[in-house]
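Chemist: Protein chains in written order, with my numbering: chain A, 17 to 136; chain B, 17 to 136.
Rather than coming from a laboratory, the hints here were simulated on the basis of the structure. Keep in mind that this is a model prediction, so the values were computed, not measured. Mixed in with the good hints, there may be bad ones.
Any copy, or any two copies together, can satisfy a pair, since identical chains are not distinguished.
[Said to hold, decoys possible] SDA-like cross-link-like pairs, simulated, lysine to any residue; straight-line CA separation at most 25 Å:
1) Lys112 - Glu30
2) Lys112 - Arg28
3) Lys112 - Leu128
4) Lys112 - Leu122
Number of protein chains: 2
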Amino acid sequence: MRAYLVVDHGSRRERSNRRLSEVADLLRERVEDPVEFAHMELAPPSIADGFRACVERGASEVVVLPYFLGPGRHANEDVPRLVEEAAAAHPGVRYKVGPALGPHPLLADLLLIRAGLPEK
Amino acid sequence: MRAYLVVDHGSRRERSNRRLSEVADLLRERVEDPVEFAHMELAPPSIADGFRACVERGASEVVVLPYFLGPGRHANEDVPRLVEEAAAAHPGVRYKVGPALGPHPLLADLLLIRAGLPEK
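My request is simple: use the sequences and hints to build the entire structure.
Modeler: Spelled out as C-alpha cells, the structure:
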C-alpha cells in the first residue's frame, strides 16, 4: 500500500505550520491512500515522524511530496537526505521523493487567480 | 494601461533567479499587458527597478504578483512595503499587491502532478 508524505520547510509560527495541514487535507480529497505531513525543520512532526506514521498506517511505499516552490537546496538535497535517513529505520519500505513545485504553468495560472484576474 | 510585476524572494544563485524569468514568460503567454519581474532582495532587478520598468512601458496601474508559497511576513508585509516605497516615485500610477499562492487546491493538484501521479 502507498502513502503520501507532504513536506514543507517548517516554521516557528504555528499559523504557518497549520497551512501544511490544510494542504494535506486537500490531498486527502484527491487520493484514497493515507496522507501524512511533516516539516523539514523547526517544528514537529519531523520527516522521520511522518515517514513512521505512513508505515504505521500500513504503507509499503512512501511517496514524498516536497511543498517547496523552487528546486533549491532544500527540495533537491535536504529533504531527500532526511527521507533517506528516515527510511533507513524501515527496511523493506520503498519510497520516492518528488521534485519542487515550480516553475510550472499551473503556478502562472494561480498567480493570476490570486490577483483576482481571469486567465485570458 | 495595466502591467504585471511578478516578485519572488531573490537568491544569490543565478539559477534560482532565472526561474522567475521563466515564470514571467509563462505569464506573458497568459496576459496581453506587459509583464516585468523583480526580486525582493539579494539580486537585481529590485522591486523599485521592476515598478519603474512597468511605468516606462506605459503602465498606469501595476499589479504585483507575489511568487511566494505561503502568506508569511515576506508576502504579507515586506513585498507590500517595498512596492509602496517604489510607487512613491511614480505619483499617479495605481497599484495593487496580490496575496501569496498557497494554500490552494491547484497546489495539491500540482503536488500530485510533480510526483508523476494522475489526479484521482
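Chemist: Each hint needs a verdict: does it hold in this structure or not?
Modeler: Hint check results:
1. For the identical chains of this complex, Lys112 and Glu30 are neighbours neither inside a copy (28 Å) nor across copies (28 Å), given an alpha-carbon limit of 25 Å.
2. Within a single copy, Lys112 and Arg28 get their C-alpha atoms no closer than 27 Å, and across copies no closer than 29 Å, so neither meets the 25 Å cut-off.
3. Proximity of Lys112 to Leu128 under the C-alpha cut-off of 25 Å is restricted to the inter-copy arrangement: shortest distance 13 Å between copies versus 32 Å within a copy.
4. In this assembly of identical chains, the alpha carbons of Lys112 and Leu122 lie at most 25 Å apart whether taken from the same copy (23 Å) or from different copies (22 Å).
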